[in-house]
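**Q** Just so you know, the sequences run in chain order H and G. Each residue of the first sequence is one higher than the one before, counting from 6 in our numbering. Each residue of the second sequence is one higher than the one before, counting from 4 in our numbering.
Think of the hints as simulated: they come from the structure by calculation, not from any bench. Just to be clear, a hint being listed does not mean it is correct.
Covered stretches of chain H, as calculated for chain G (at least 3 residues, CB under 8 Å) [claimed, not checked]: (1) 98–104; (2) 143–154; (3) 164–174.
Ranges between beta-carbon positions, derived for each pair [as the list claims (entries may be wrong)]: (4) G:ILE224 - H:TRP31: 52 to 58 Å; (5) H:VAL97 - G:GLU71: 55 to 61 Å; (6) H:GLY16 - G:ILE224: 31 to 37 Å; (7) G:ARG21 - H:ALA291: 44 to 50 Å; (8) G:ASP69 - H:ILE94: 50 to 56 Å; (9) G:ILE102 - H:PHE98: 38 to 44 Å.
Please read all numbers here as calculations on a predicted model, not as lab measurements. Just so you know, even glycine gets a beta-carbon here, dropped at the ideal spot from N, CA and C.
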Amino acid sequence: MKPALVTAIVGLAGLGLLVGAAGFGWPDPIILVQLRLPRTLLALLVGGGLGLSGAVLQGALRNPLADPGLLGIGGCAGLGAVIAFYWGISAVFAPALPLAGLFGAGLGCLVLLGAAGRAVSGASLILAGVALSAIASALLALALTAAPNPYALAEITFWLMGGLEDRSLLHLELAAPPILLGIAVLLRLGPGLDALALGEEVAASLGRPVGRTLRAMAVGVTLAVGAGAAVAGGIGFVGLVVPHLLRPFLGERPGALLGASALAGAALLLGADLAARALPLVLPLAQEPRLGVLTALLGAPFLIRIARRAVP
Amino acid sequence: MAVLSLLLAIPAMAAPLRVVSLNLCTDQFLVLLAPERAVALSPLARDPALSTVAAQAAALPWVRPDAEAVLALAPDLILAGPFGAQTTLAVLAARGLPIARTELPQDFAAIRAETRRFAALLGAVATGERLIAGMDRVLASIPPHAERSAMPIEARGYAPGPGSLEEAVIRAAGFASAGNGARLSLETIASHPPDLLVTAAAPDYPSLATDFLAHPVLRGIARRTWPPALLACGGPWTAQAAALLARDP
Numbered sequence: 006m007k008p009a010l011v012t013a014i015v016g017l018a019g020l021g022l023l024v025g026a027a028g029f030g031w032p033d034p035i036i037l038v039q040l041r042l043p044r045t046l047l048a049l050l051v052g053g054g055l056g057l058s059g060a061v062l063q064g065a066l067r068n069p070l071a072d073p074g075l076l077g078i079g080g081c082a083g084l085g086a087v088i089a090f091y092w093g094i095s096a097v098f099a100p101a102l103p104l105a106g107l108f109g110a111g112l113g114c115l116v117l118l119g120a121a122g123r124a125v126s127g128a129s130l131i132l133a134g135v136a137l138s139a140i141a142s143a144l145l146a147l148a149l150t151a152a153p154n155p156y157a158l159a160e161i162t163f164w165l166m167g168g169l170e171d172r173s174l175l176h177l178e179l180a181a182p183p184i185l186l187g188i189a190v191l192l193r194l195g196p197g198l199d200a201l202a203l204g205e206e207v208a209a210s211l212g213r214p215v216g217r218t219l220r221a222m223a224v225g226v227t228l229a230v231g232a233g234a235a236v237a238g239g240i241g242f243v244g245l246v247v248p249h250l251l252r253p254f255l256g257e258r259p260g261a262l263l264g265a266s267a268l269a270g271a272a273l274l275l276g277a278d279l280a281a282r283a284l285p286l287v288l289p290l291a292q293e294p295r296l297g298v299l300t301a302l303l304g305a306p307f308l309i310r311i312a313r314r315a316v317p
Numbered sequence: 004m005a006v007l008s009l010l011l012a013i014p015a016m017a018a019p020l021r022v023v024s025l026n027l028c029t030d031q032f033l034v035l036l037a038p039e040r041a042v043a044l045s046p047l048a049r050d051p052a053l054s055t056v057a058a059q060a061a062a063l064p065w066v067r068p069d070a071e072a073v074l075a076l077a078p079d080l081i082l083a084g085p086f087g088a089q090t091t092l093a094v095l096a097a098r099g100l101p102i103a104r105t106e107l108p109q110d111f112a113a114i115r116a117e118t119r120r121f122a123a124l125l126g127a128v129a130t131g132e133r134l135i136a137g138m139d140r141v142l143a144s145i146p147p148h149a150e151r152s153a154m155p156i157e158a159r160g161y162a163p164g165p166g167s168l169e170e171a172v173i174r175a176a177g178f179a180s181a182g183n184g185a186r187l188s189l190e191t192i193a194s195h196p197p198d199l200l201v202t203a204a205a206p207d208y209p210s211l212a213t214d215f216l217a218h219p220v221l222r223g224i225a226r227r228t229w230p231p232a233l234l235a236c237g238g239p240w241t242a243q244a245a246a247l248l249a250r251d252p
């Protein structure tokens with residue numbers, strides 16, 4: 006499975022360097038390095054972080070609907086990043102953008118951990134996530150009405166639909182370290198998640214208490230999702246779909262899914278971003294379709310299917 | 004015949020005395036043509052980022068587009084735009100108030116016609132001709148130069164194309180306009196770079212929509228900024244944008 010996914014990533018990333026608004030083929034070196042390279046690597050990293058976060062959240066919370074977007078973590082990260090940008094903080098200190106994304110995602114994770122401790126059924130956790138998303142989007146609108154830019158609310162509509170077009174190497178430098186760190190933290194959680202799947206007491210008796218696993222999950226998801234949302238905007242459903250796509254091949258054991266979920270998330274977002282870039286070249290579109298719109302179109306039907314089967 | 008011309012002259016002599024403008028573009032015509040008749044302007048008229056008459060407008064009252072607030076001013080003419088405030092304007096029209104709407108001129112011929120129309124309406128024909136003569140002097144002073152291409156680029160990468168005020172200004176400045184009326188990505192601009200990139204002067208607030216202009220891939224393209232107020236509305240003031248572009252860098 007993993008060699009196939011790695012092959013797919015290498016192929017898609019290679020294609021990513023060959024496709025863009027300037028046309029198919031090898032571009033001018035400036036375009037290649039300044040535009041296509043950061044865009045391709047960001048799709049890889051953001052997608053990997055989202056796919057892995059989804060697999061860990063679904064395993065740790067034992068909920069097949071868990072996803073950084075549905076649980077509101079992505080929304081909280083966006084809230085932090087938007088405040089840093091529109092209040093001019095990131096213009097003075099560029100790393101404030103991912104840091105604020107991390108701060109927002111971290112707060113979201115804390116709220117969810119509180120809810121997860123008390124949530125009896127899977128549905129109530131998802132409802133807590135829906136509430137968190139609603140609070141984050143309301144606070145976002147509130148923060149923007151106080152922003153000095155009179156067009157901020159209109160601009161943010163596009164940002165919330167997610168996208169990687171016209172990103173620079175600076176965005177890559179800002180987002181890559183936290184995402185890679187988060188992926189490293191989450192990849193080590195396999196044994197803890199497997200133990201948790203046997204029940205909380207068994208996990209504790211195996212020396213992997215549930216509290217420690219959940220805390221490490223919160224740190225990892227915060228790092229992987231927060232920085233990604235700060236540079237890519239609202240991209241949903243990758244974390245939801247990827248583990249479900251992999252289970253038929255790899256089984257139900259959460260620990261077995263982690264590495265493959267990171268790879269498949271990266272491949273999925275690379276593919277979706279490639280589609281977003283290629284569509285205006287083959288169809289008479291005035292502009293690129295938004296990346297978050299494509300992932301939602303792919304993922305939302307999946308959500309309906311999972312919800313039908315999983316939630317009583 | 005003399006009686007007839009006298010009769011025709013009456014409407015011009017009875018020009019409205021209390022004029023309320025509800026639109027940024029008509030605000031500027033009103034302040035330039037007949038400031039003494041302005042009872043209230045729109046709040047945007049005082050914003051120096053959008054209005055070329057912000058200083059004069061700051062000394063005049065302003066009113067929200069709200070029918071009650073406007074009626075309280077007892078105007079005898081309302082100036083408005085083609086879009087926006089439609090519910091307010093419907094109430095004012097139902098009260099029998101005359102409403103004159105700007106047609107938002109998109110080239111210099113249309114600017115001359117629009118200036119004359121408002122000048123006649125406000126009983127300021129001589130002032131109108133003086134404004135047009137001033138605009139034509141600025142346009143005529145632009146020296147001829149070798150034709151190069153200039154691309155206007157706005158928020159979110161929109162490049163105004165044929166029929167736009169931006170294109171009219173770029174051509175008046177002696178450039179060929181490379182805008183095509185579509186939204187362009189950085190990659191499209193970088194793969195077919197124009198000789199000159201024309202952007203609005205950066206706003207003094209952070210904006211995601213104009214952030215892309217700071218991308219290093221555009222670093223090699225010459226760039227000129229024009230104050231957005233000169234192009235927010237087409238008017239005699241717009242000629243200054245052409246003069247700015249034509250000036251040697």
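**Q** Hints first: check each against the structure and report whether it holds.
**A** We went through each hint and held it up to the structure:
Counting residues of the region 98–104 of chain H whose beta-carbon sits less than 8 Å from any beta-carbon of chain G gives 0, not enough to reach three: the coverage restraint is violated. A stretch counts as covered by a chain when three or more of its residues have a beta carbon under 8 Å from one of that chain; for the region 143–154 of chain H and chain G the count is 3, and the coverage holds. Restraint check on the region 164–174 of chain H versus chain G: 5 residues with Cβ-Cβ distances below 8 Å, three needed, restraint holds. At about 21 Å, the beta-carbon gap between ILE224 of chain G and TRP31 of chain H misses the expected band of 52 to 58 Å.
Between VAL97 of chain H and GLU71 of chain G the beta carbons are some 44 Å apart, a value that contradicts the proposed interval 55 to 61 Å. The beta-carbon spacing between GLY16 of chain H and ILE224 of chain G, approximately 33 Å, falls within the hinted interval of 31 to 37 Å. Our hint of 44 to 50 Å for ARG21 of chain G and ALA291 of chain H holds, since their Cβ atoms are close to 45 Å apart. Separated by about 36 Å at the C-beta atoms, ASP69 of chain G and ILE94 of chain H break the suggested range of 50 to 56 Å.
Between ILE102 of chain G and PHE98 of chain H, the C-beta spacing of about 50 Å breaks the proposed range 38 to 44 Å.
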